[in-house]
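Participant: Got chain A sorted already, so can you dock chain B onto it with the hints?
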Amino acid sequence: METKSESLREAYGNELVSLGKKDPNVVVLDADLSSSTRTGIFGKEFPDRFFNMGISEQSMVTAAAGLALSGKKVFASTFAVFLMRTYEQIRQSVCYNNLDVKFVTTHAGITVGEDGATHQIIEDIGVMAGLPHMSVIVPVDAVETRSVIRYVHDYTVSPYYVRLTREKFPVLNDADYEYVPRKSVTFKDGSDLTIIGCGVMVSFALKAAEELKGKGIDARVINMSSIKPMDREAVVKAASETGRILTVEEHSIYNGLGSRVAEIVGEEYPVLVHRMGMRDTFGKSGKSWELFDYFHLGVPDIVRSAESVFREEKKFESVS
Amino acid sequence: MEQLNIPEIEISRYAEIARQIRINSIKMVYAASSGHPGGSLSAADILAVLYFREMNIDPVEPDDPDRDRFILSKGHASPGMYSVLSLRGFFPQELLKDFRRLNSKLEGHVHKGVPGIESSTGSLGQGLGVGVGMALAAKLDKKDYHVFVMIGDGELEEGNIWESMMAAYKFKLNNLIVILDRNGVQLDGKTQDVMPLHDIPGMVKSFGWNVIEIDGHDIRQIIIALEQAKSSHDLPTFIVAHTVKGKGVSYMEGNYKYHGSPPASEKEYQQALKELGDE
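In order, the protein sequence lines correspond to chains A and B.
Under the working numbering, residues 1 to 320 are what the first sequence spells out, in order.
Under the working numbering, residues 321 to 599 are what the second sequence spells out, in order.
Bound-form chain A, shown alone:
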């Protein structure tokens, strides 16, 4: 089954314009990357409510806090890797004040491709999810991106981190899909093991699940876009019903989706969990899709890992 792909950041920029039209309180900040993050689409439409702060992320984050303290609904964007240098501004000025600032970053993960390791942030989920008051969402496709952006604007007043990417991703959701907070989506049911993923890895997992079917393994596939708070019920249900869990993410296996799933499983229903992701390493220049094979995160790798998990082979390669 071939699905069409669509840009998540393009979806973000266009959704911002829709929000801007219905809500004069929406303001958007960027740090000299608005043509890449696509906040520039909003800036063109609403120049008075768009602030290009220059290559000054600390200034951007603290100004975002001041705008939110003055009643604005603030979206602040840059590449995910560069937002990380403002961890402490986000901690002190945004999260401690518990402000209505939405950090929507793009170019996260290894799908940045050719720009290489310096730009391929694979630690951001852990960094952001560790902050009190902060919620973290990794949309799986453009449809979910639009819905998440609408949701965080319409229904929330606390800080959010929404992780987007450079590459277009396959569209997995129906056009009328609406994001439900804290809820995961089961794209494929199954009883032999559960693959829990986020971002582009979900589409890989679905392909892997098809191949596994041919091998007589019936895999459940869950899109866990809400990293924090996480759908604990779905994780526990997967553990109890399928007995084995494989997590897949375009992020470090530390402090990301896999870690959080393992925490829940360990606390509530201990079963075998294997995490696939970046294994304590930096990324690398290359074409986006080549990199998944290079780092053993491609569809064949997921199939192989799933088979091991299914057979409960516990001799997985060590991390360091």
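If you're looking for bench data, these hints aren't it; they were derived computationally from the structure.
For each residue, glycine too, the CB sits at the ideal point set by N, CA and C.
Certain hints may be false.
Unchecked claim - Which residues of chain B face chain A? A few of them, derived with a C-beta cut under 7 Å, are:
| hint | residue |
| --- | --- |
| 1 | SER443 |
| 2 | VAL452 |
| 3 | MET454 |
| 4 | GLU483 |
Claimed, not checked - Residues from chain B that keep clear of chain A, each with C-beta distances beyond 12 Å, as calculated:
| hint | residue |
| --- | --- |
| 5 | ASN423 |
| 6 | HIS537 |
| 7 | ASP538 |
| 8 | GLY580 |
Facilitator: Just chain B, lined up with the frame of chain A:
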């Protein structure tokens, strides 16, 4: 502006409030066995003028959308900040005695949960950026309130300050007024030893700001500078207020040891109160 006619009795009223801020600050850090007296004492005169004359604020309506905003970016001077707010009527003065204690609202560093506090601060360098955001919001909402931000001179070593200075110039934030508490001392020693800044007024001017230099303990000069700053047409204003760290307590003056330490003994404590004229 220099001809501003301020009666002597009014000047002495602000000086008296500043004295109360200093006495409260000493009592608070001594009771808490911790805290930052030096920068509270250096900032006291400026805080008194801001909260009792220059700012349009009302303790009964602390969230009035048209109010002036003040951010103490040097959030460690919380004793001074909480003192002036209680003196102005934002909360009862008896709360001051629980400063830094468990279950007290008065957190060690300035905390937004306290009536009158606009933003939590304490990690240096961030308050000016927050002020930029507030000043931008005022422009968007076509409101004519002012945003005052007090920063420390050690704080100038934070890159965030200079990033935000660029932004304030870019967006022509004439409604943004920074007051630099230039007391020349930071935690580890004199600012000129820890990280010398060759020419602060020159640096700020080169970022496109108005710069005014005053004696930060001269009430009349503080008033005149703030009035001048408020009438700026298109530029943000930076007031370099030359002050003395630990002002009013002889053994604390200019002494970096009292940046973040209370009086070391009952004897020191009593001496401080005596020198400040506490009865």
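Participant: Hint by hint, say whether it matches the structure.
Facilitator: Hint by hint, here is what the structure shows:
For SER443 of chain B, the interface hint holds, since its Cβ comes within 7 Å of a Cβ in chain A; the closest pair sits about 5 Å apart. A cut of 7 Å between beta carbons decides the hint on VAL452 of chain B: the least distance to chain A is about 5 Å, and the hint holds. Interface restraint check for MET454 of chain B: the shortest CB-CB distance to chain A comes to about 4 Å, inside 7 Å, so the restraint holds. With a cut of 7 Å, the hint placing GLU483 of chain B at the interface with chain A holds, because the nearest CB-to-CB distance is about 4 Å.
Consistency note on ASN423 of chain B: stated as away from chain A, and its beta-carbon is indeed over 12 Å from all of that chain's, at 18 Å minimum. With 12 Å as the threshold on Cβ separation, the claim that HIS537 of chain B sits away from chain A holds: the shortest Cβ distance comes to roughly 29 Å. Every beta carbon of chain A lies more than 12 Å from that of ASP538 of chain B, the smallest distance being close to 30 Å; the non-interface claim holds. Every CB of chain A is more than 12 Å from the CB of GLY580 of chain B (nearest about 18 Å), matching its label as outside the interface.
No hint from the list above goes unmet by this structure.
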